[in-house]
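Chemist: Residues per chain are reported as follows:
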Amino acid sequence: MSDSVPPSEVDPFRDFQASCRYDYLLPYLVIPVPNPSLIMSTTEKDLTGTADLASRLAEKEAEVARLRDQLERWRAKYESTSTRDIGFTTISGHEIAPLYTPLDRPASGHALDEIGVPGEFPFTRGPYPTMYRTRLWTMRQFAGFASAEETNQRYHYLLDHGQTGLSVAFDFPTLMGYDSDHPRSLGEVGVCGVAISSLQDMERLFDGIPLDQVSVSMTINGPAIILFCFYVAAAERQGVPAEKLRGTVQNDILKEYQAQHAWVFPPEPALRAIVDMFEWCSEHTPKYNPISISGYHIREAGATAVQELAFTLRNGFEYVERGIARGLDVDSFAPRLSFFFDIHNDFFEEIAKLRAARRIWARRMRDVYGAKNPDSWRLRTHCQTAGVTLTAQQPENNIVRVAYQAMAAALGGTQSLHTNSMDETLALPTEKSVRIALRTQQILAYESGVANTIDPLAGSYFVETLTDQLEADAEALFDEIEAQGGVVPGIEAGWFQQQIANSAMVQQTEIESGRSIVVGVNEFTEGGADVAIDTLRIGPEVEANQRARMARLREERDAAEVERTLAALHEAAADGSNLVPRILDCARAWCTLHEIRDAMEQVFGSYKEPVFF
Amino acid sequence: MNDERKIRVLVAKPGLDGHDRGAKVIASAFRDAGFEVIYTGLHQTPEMIANAAIQEDVDVVAMSILSGAHMTLFPRVREMLDAEGGEHILLTGGGIIPEDDMAALAEKGVGRLFGPGSPTREAIAYIREWFETQGERV
Chain A
278 MSDSVPPSEV DPFRDFQASC RYDYLLPYLV IPVPNPSLIM STTEKDLTGT ADLASRLAEK
338 EAEVARLRDQ LERWRAKYES TSTRDIGFTT ISGHEIAPLY TPLDRPASGH ALDEIGVPGE
398 FPFTRGPYPT MYRTRLWTMR QFAGFASAEE TNQRYHYLLD HGQTGLSVAF DFPTLMGYDS
458 DHPRSLGEVG VCGVAISSLQ DMERLFDGIP LDQVSVSMTI NGPAIILFCF YVAAAERQGV
518 PAEKLRGTVQ NDILKEYQAQ HAWVFPPEPA LRAIVDMFEW CSEHTPKYNP ISISGYHIRE
578 AGATAVQELA FTLRNGFEYV ERGIARGLDV DSFAPRLSFF FDIHNDFFEE IAKLRAARRI
638 WARRMRDVYG AKNPDSWRLR THCQTAGVTL TAQQPENNIV RVAYQAMAAA LGGTQSLHTN
698 SMDETLALPT EKSVRIALRT QQILAYESGV ANTIDPLAGS YFVETLTDQL EADAEALFDE
758 IEAQGGVVPG IEAGWFQQQI ANSAMVQQTE IESGRSIVVG VNEFTEGGAD VAIDTLRIGP
818 EVEANQRARM ARLREERDAA EVERTLAALH EAAADGSNLV PRILDCARAW CTLHEIRDAM
878 EQVFGSYKEP VFF
Chain B
5 MNDERKIRVL VAKPGLDGHD RGAKVIASAF RDAGFEVIYT GLHQTPEMIA NAAIQEDVDV
65 VAMSILSGAH MTLFPRVREM LDAEGGEHIL LTGGGIIPED DMAALAEKGV GRLFGPGSPT
125 REAIAYIREW FETQGERV
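In order, the protein sequences belong to chains A and B.
Residues 278 to 890 (the working numbering) make up the first sequence, in order.
Residues 5 to 142 (the working numbering) make up the second sequence, in order.
Just so you know, these hints were derived from the structure itself, not from any lab.
Among these hints, one or two may not hold up.
Claimed, not checked - To be clear about the criterion: a stretch of chain A counts as covered by chain B if any three or more of its residues have a C-beta under 8 Å from a C-beta of chain B, and this derived list gives those stretches:
1) 465-477
2) 531-539
3) 664-671
Said to hold, decoys possible - Some chain B residues near chain A, calculated using beta-carbon distances under 10 Å:
4) 32
5) 43
6) 45
7) 73
8) 80
The C-beta atom is built at its ideal place from N, Cα and C for all residues, glycine as well.
Work out the full structure, taking the sequences as your base and the hints as a guide.
Modeler: This is how it looks when you write it as structure tokens:
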């Protein structure tokens with residue numbers, strides 16, 4: 278091989294020269310190897326002999342030389358054959374080599390124990406020592422529509438069909454902190470999620486579902502602290518004490534400003550409310566996750582895998598720093614921080630993303646934030662297949678997309694998973710399509726064999742190289758975020774939003790130019806138009822019923838108690854004391870979502886985003 | 005027709021829906037196609053959108069709705085445009101909108117709506133064609 282060929286990512290012999298430094302032999306030579314036959318047959322005594330070391334080194338050199346010969350022969354064949362005229366890259370745009378070999382990963386400079394074992398620092402191979410051998414991932418389908426009663430029925434249906442956790446989808450008014458009878462809620466009540474405006478609605482939502490036994494995830498952010506208090510109060514009315522609650526509230530406001538845009542308050546008071554929850558939950562709900570730091574929405578809004586990885590983890594560090602700044606011991610709240618990632622089309626990149634995320638988080642938590650409890654280093658995550666990859670054209674194809682994505686999530690070591698339904702680009706999913714989506718997970722878990730061994734792709738030259746690459750790329754993006762002054766200044770300047778929008782535009786251009794093929798959309802478009810998909814429709818009666826119910830609630834409750842608890846909340850918002858106990862009192866007094874929001878908004882103000890495109 | 009005049013488009017996000025990926029992509033594509041584009045930002049009421057359309061004297065209002073509230077929001081904006089002297093303004097858009105609903109909205113004076121997977125060039129061609137045949141009358 279010529280010395281003039283520079284190592285590059287597109288070169289099939291990438292990093293070949295670097296690999297000739299024999300660095301990769303060092304781990305074999307300097308660490309005691311539990312299974313010496315992995316290296317060569319030898320005895321304890323031989324290890325001490327210098328002459329033996331020299332001969333073993335010579336043998337290894339010969340082995341590498343033989344591999345180099347093999348690769349040169351292969352390279353000659355590769356280069357003399359034409360390849361398909363497409364860019365071979367990850368979705369994040371990384372060039373992918375045609376072949377990865379044992380020479381790739383050692384060249385990246387990592388030691389063997391960087392990969393490590395599952396359940397141990399740096400957790401590359403999984404957050405727990407036994408993973409799916411002890412317990413499969415939680416199959417958790419996100420659901421919510423119309424009224425609390427109708428959604429409650431869907432939850433019973435899902436639990437009856439073997440789902441093992443619940444996940445609440447709220448309607449837009451609830452997500453934004455508006456009651457069903459607020460003027461801004463017009464036309465949106467119960468339409469793309471369930472309408473929850475008070476403790477009463479929350480109680481109906483979980484009617485007959487024991488909250489000490491079923492873990493519940495709630496996707497709510499701007500007014501998360503309020504819905505969390507409704508939930509705690511609903512459990513209380515079931516006779517379930519807070520310390521028994523398991524589950525998660527999304528409560529990740531930073532990604533709302535960056536991507537999903539369901540905010541209420543400006544960043545600083547919003548972050549204060551989140552730290553209030555860290556503080557309260559660390560004392561009262563030891564099994565509950567007060568936040569799910571989410572890359573999902575960042576990715577769906579257009580980000581690449583690398584941007585998703587870096588922005589999400591950096592947001593996580595921000596929450597940790599805010600908790601520490603409050604004076605909390607990092608180990609008092611960090612073990613309950615949870616994550617949520619998108620699982621997109623690029624199979625190997627998504628697997629590598631989850632592996633890289635765990636390693637980056639563990640390192641930072643231990644080495645930068647001084648966490649001592651291994652639970653603080655352990656990144657646990659929920660995943661959802663990528664909604665944005667579903668197509669309205671030939672919708673049955675989506676079943677296949679979702680299945681591949683689900684497999685990537687399992688191979689990446691997720692703790693829970695939502696699989697999208699095939700009809701979600703058309704409307705809310707029907708029971709049939711939700712059942713197929715759940716069955717997809719069950720086939721994966723019980724038939725495919727992927728759950729039999731832990732992190733089966735570890736040691737793959739490609740996957741390990743990709744994991745290293747994603748980690749390095751994320752670190753570079755962390756530096757860029759610091760150059761913006763950090764997360765909040767980056768949001769206020771619109772930097773994150775612009776980065777994400779730019780990536781979305783690039784992807785759209787790729788699809789429209791045909792460089793990126795979407796089956797059934799810009800290629801292989803014949804057929805499929807005859808597929809009739811039943812769509813679930815939400816009638817106007819849902820909004821009317823909710824309005825009537827709100828009117829009754831306002832009639833029936835103790836107005837003086839409402840006023841008293843709201844005034845106490847207003848005071849807490851102003852004097853900086855923890856908001857959770859005050860909001861719980863409001864919830865118990867049947868104050869509505871918007872009344873509680875309003876009491877805080879009077880102190881906190883509301884958020885206005887920088888508008889651009 | 006007047007070749008000099010650029011087509012003015014208001015890209016709008018009505019209601020509480022924060023999913024603005026499509027709105028931003030289509031706004032950029034319209035701009036690249038030579039339209040003059042104004043983007044409202046998020047969480048606009050029908051009143052705010054109609055007022056902005058009249059004040060900015062646009063030819064077209066393009067709304068992006070992924071929240072399922074299209075059957076309420078499109079007719080409201082149409083009514084308000086008509087009430088404020090904007091009968092000539094084309095109201096079009098896109099999002100997660102079932103075909104039956106597209107047909108029902110067309111009967112209420114809403115223009116063509118574009119579902120998921122539609123290429124931006126289709127929306128651009130539609131607006132150009134509308135402008136050449138109808139828009140130039142105003």
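Chemist: When the structure is checked against the list of hints, which entries are broken? Sort them ascending.
Modeler: none
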